Amino acid sequence: MEKNEFIKVEHVSRTFEEKEGPLKVLDDVSFSMEKGELTCLLGASGCGKSTLLRAIAGLDTGHEGTVTIGGKPVLKPEKTRGIVFQEHRLFPWLTVEQNVAFALNGVDKKEKKQLVQKYIDLVDLTGFEKTYPRNLSGGMAQRAGIARALVNQPETILLDEPFGALDAFTKIAMQEELKKIQKRSGVTTIVVTHDIEEAVFLADKIIILSARPGRIKRIVEVTLPEPRDRNSDEFTRIKRDIYGEFFE
Amino acid sequence: MHLPDKLKKLLSGLEYILLLVVILLIWTIMEKRGSLNTVIMPAPSKILETFVKLVRSGQLWNNLLVSLVRVLKGYLIAASLGIVLGILIGLFRHLNRLTDLLIQIIKPIPPIAWIPLVILWFGIGEEGKVFLIFLGGFFTILINVVDGIRQTDRKLIEVSRSMETPFLKHVALLVIPHSAPNIFTGLRVGLSSCWMCVVAAELVSSTTGLGYMIMNARQFGQTDVVIVGMLTIGVLGKVMDSLLKVVEKAVIRWV
Ligand SMILES: Nc1ncnc2c1ncn2[C@@H]1O[C@H](COP(=O)(O)OP(=O)(O)OP(=O)(O)O)[C@@H](O)[C@H]1O
Ligand SMILES: [Mg+2]
Numbered sequence: 000m001e002k003n004e005f006i007k008v009e010h011v012s013r014t015f016e017e018k019e020g021p022l023k024v025l026d027d028v029s030f031s032m033e034k035g036e037l038t039c040l041l042g043a044s045g046c047g048k049s050t051l052l053r054a055i056a057g058l059d060t061g062h063e064g065t066v067t068i069g070g071k072p073v074l075k076p077e078k079t080r081g082i083v084f085q086e087h088r089l090f091p092w093l094t095v096e097q098n099v100a101f102a103l104n105g106v107d108k109k110e111k112k113q114l115v116q117k118y119i120d121l122v123d124l125t126g127f128e129k130t131y132p133r134n135l136s137g138g139m140a141q142r143a144g145i146a147r148a149l150v151n152q153p154e155t156i157l158l159d160e161p162f163g164a165l166d167a168f169t170k171i172a173m174q175e176e177l178k179k180i181q182k183r184s185g186v187t188t189i190v191v192t193h194d195i196e197e198a199v200f201l202a203d204k205i206i207i208l209s210a211r212p213g214r215i216k217r218i219v220e221v222t223l224p225e226p227r228d229r230n231s232d233e234f235t236r237i238k239r240d241i242y243g244e245f246f247e
Numbered sequence: 000m001h002l003p004d005k006l007k008k009l010l011s012g013l014e015y016i017l018l019l020v021v022i023l024l025i026w027t028i029m030e031k032r033g034s035l036n037t038v039i040m041p042a043p044s045k046i047l048e049t050f051v052k053l054v055r056s057g058q059l060w061n062n063l064l065v066s067l068v069r070v071l072k073g074y075l076i077a078a079s080l081g082i083v084l085g086i087l088i089g090l091f092r093h094l095n096r097l098t099d100l101l102i103q104i105i106k107p108i109p110p111i112a113w114i115p116l117v118i119l120w121f122g123i124g125e126e127g128k129v130f131l132i133f134l135g136g137f138f139t140i141l142i143n144v145v146d147g148i149r150q151t152d153r154k155l156i157e158v159s160r161s162m163e164t165p166f167l168k169h170v171a172l173l174v175i176p177h178s179a180p181n182i183f184t185g186l187r188v189g190l191s192s193c194w195m196c197v198v199a200a201e202l203v204s205s206t207t208g209l210g211y212m213i214m215n216a217r218q219f220g221q222t223d224v225v226i227v228g229m230l231t232i233g234v235l236g237k238v239m240d241s242l243l244k245v246v247e248k249a250v251i252r253w254v
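Just so you know, the protein sequences line up as chains A and B, in that order.
Okay, so the first sequence: first residue is 0 according to numbering that gives the first Met the number 0, each after it adds one.
Okay, so the second sequence: first residue is 0 according to numbering that gives the first Met the number 0, each after it adds one.
The hints are simulated quantities; they were obtained by calculation from the structure and are not laboratory data.
Please read these numbers as outputs of a predicted model, since none were measured by experiment.
Among these hints, one or two may not hold up.
Computed cross-link-like contacts, DSS-like style, restricted to lysine-lysine with a CA-CA straight-line distance of at most 27 angstroms [as the list claims (entries may be wrong)]:
(1) A:Lys204 <-> A:Lys238
(2) B:Lys248 <-> A:Lys78
(3) B:Lys168 <-> A:Lys108
(4) A:Lys170 <-> B:Lys154
(5) B:Lys154 <-> A:Lys111
(6) B:Lys248 <-> A:Lys129
(7) A:Lys75 <-> B:Lys168
(8) A:Lys18 <-> B:Lys244
(9) B:Lys72 <-> B:Lys244
(10) A:Lys179 <-> A:Lys204
(11) A:Lys23 <-> B:Lys154
(12) A:Lys78 <-> A:Lys179
(13) A:Lys78 <-> B:Lys168
(14) B:Lys154 <-> A:Lys129
(15) A:Lys71 <-> B:Lys72
(16) A:Lys78 <-> A:Lys109
(17) B:Lys244 <-> A:Lys129
(18) A:Lys75 <-> A:Lys7
The whole structure should be built from the sequences, with the hints applied where relevant.
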């Protein structure tokens, strides 16, 4: 396996058979990622970002082309890939702690407790272990979802517009949090987003998708120094450059 | 000051019993004016008197206990079988297709229509009555449970699948809690139909129970006893439903 090909997406196309006829959502998408890299899938609403992420997750297998991770074809979801969904998808009847613990199978009680606490602390939810999801704010629920996806210590984590529903302040704080967690754990990460600034702030590599059917329009390597300054000239320049891909 | 709050509570409490009080009032007035045929419709005071008498003699209590035990037996069987089979049918698509038609056909048959067959099968013993009561609750519970299980949120199922959750854990921590509201609806509606069936079951020829008490009193023209029996069934049904509601609230804490 070559170094820069931990995740390989090869010629993935996806067509949904609708009553009104076939709907082509993804058209021959190919890209690859290194281990430990953070890639953003950037595109307008409806261009097939979630569909692509679901293919990589193994939740949807109705596509043409192949997805391989670590040399193995992806045919079904596996716990080595943590998923954070567009909505938090916590179980309402479980507390934060129980929701996070739900992801762990075959781990002994003591270790489970430690792991759960570690990841709750990591996403800054200390003190809310016994809280039910309905009593969490949107941002807190999303963070609990992230803890749940990380607790298995997956090789890969896939996030679908994780901060899409948050206010601007929480969003920025969460982006910084995610970046820190990702750098510290070295987990290979894909973040779906339609927020250009978010992509430039987070990504090592941005994959720009065209409007439906989603095709790869351009791949931008972001080599800004860390920590990234959203107001630096270079940051703004990349933002403007990508902006130009969407609005001529 | 909390007085307005308290007042509000009091008023809504009064509202709750208002209609009942008005009916009792009209009923009493009609009797006092002599416009009530007390042979077929005794006055509230007479009913109360009979109630006290039946309580004192232990007759009401004994019959009530007998009926209650029958209902509980039939209900427990209906509930456990309904829940277990409901979960299985809800989980496995093939089992659902296999059983659906049969359930749809048997469900609309009222328990009373089973009586002749039940007598032939069980004779006139205790089992027949319990079986009728069981029939009264079983299908309601079963269908509600199946519905609840089949409606399990697909998005949450994906979450569970993405974690490779073992099947039993998936059922215990996702499928069952998700359908808990439906299961409780089934349990409550089922309990009330079991309770309704007790009278029918005690028609199967019985010498005990509230149903028997009512039928027996009718033969002697004791309308007061009939009404006391009916009201006892009504009040007890309401109490049991309220108890189940309390349990439901305690179990489903997350909403
Ligand atoms: N299971 C499905 N069946 C039919 N059509 C689907 C299905 N899933 C997605 N689509 C269609 O595919 C298109 C792309 O959907 P997708 O959810 O991937 O978009 P997206 O890029 O994630 O959009 P957003 O940013 O709004 O989340 C949409 O037109 C959608 O209606
Ligand atoms: Mg989406």
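Results of checking the hints against the structure:
Between Lys204 of chain A and Lys238 of chain A, the direct Cα distance comes to roughly 13 angstroms. Compliance with the 27 angstroms bound is thereby established for this hinted pair. Taking the CA atoms of Lys248 of chain B and Lys78 of chain A, the gap is near 35 angstroms; set against the 27 angstroms cutoff, the hint is violated. Between Lys168 of chain B and Lys108 of chain A the CA atoms are separated by roughly 15 angstroms; this keeps the pair inside 27 angstroms, and the hint holds. As the CA atoms of Lys170 of chain A and Lys154 of chain B are separated by approximately 24 angstroms, the hinted pair is consistent with the 27 angstroms bound.
For a cut-off of 27 angstroms, the pair hint linking Lys154 of chain B to Lys111 of chain A stands: about 25 angstroms separates their Cα positions. For the suggested pair Lys248 of chain B and Lys129 of chain A, the alpha carbons sit about 19 angstroms apart, so the restraint of at most 27 angstroms is met. Taking the CA atoms of Lys75 of chain A and Lys168 of chain B, the gap is about 19 angstroms. The hint holds against a cut of 27 angstroms. Restraint check for Lys18 of chain A and Lys244 of chain B: the C-alpha separation of about 44 angstroms exceeds 27 angstroms, so the hint is violated.
Distance restraint check for Lys72 of chain B and Lys244 of chain B: the Cα-Cα separation of roughly 20 angstroms lies within the 27 angstroms cut-off, and the hinted pair is therefore satisfied. Restraint check for Lys179 of chain A and Lys204 of chain A: satisfied, since their Cα atoms lie roughly 17 angstroms apart, inside the 27 angstroms limit. Between the alpha carbons of Lys23 of chain A and Lys154 of chain B the distance comes to roughly 23 angstroms, so the proposed pair stays at or under 27 angstroms and holds. Simply put, Lys78 of chain A and Lys179 of chain A have alpha-carbon atoms about 22 angstroms apart, close enough for the 27 angstroms limit, and the pair holds.
Distance restraint check for Lys78 of chain A and Lys168 of chain B: the Cα-Cα separation of roughly 15 angstroms lies within the 27 angstroms cut-off, and the hinted pair is therefore satisfied. The hinted pair formed by Lys154 of chain B and Lys129 of chain A meets the criterion: a straight-line CA distance of about 23 angstroms does not exceed 27 angstroms. Between Lys71 of chain A and Lys72 of chain B, the direct Cα distance comes to roughly 56 angstroms. Violation of the 27 angstroms bound is thereby established for this hinted pair. Among the hinted pairs, Lys78 of chain A with Lys109 of chain A is consistent with the structure: their alpha-carbon atoms are about 20 angstroms apart, no more than 27 angstroms.
With a C-alpha separation of about 25 angstroms, the suggested pairing of Lys244 of chain B with Lys129 of chain A holds against the 27 angstroms cut-off. Taken as a hint, the Lys75 of chain A and Lys7 of chain A pair is honoured in the structure, with Cα atoms around 16 angstroms apart against an allowance of 27 angstroms.
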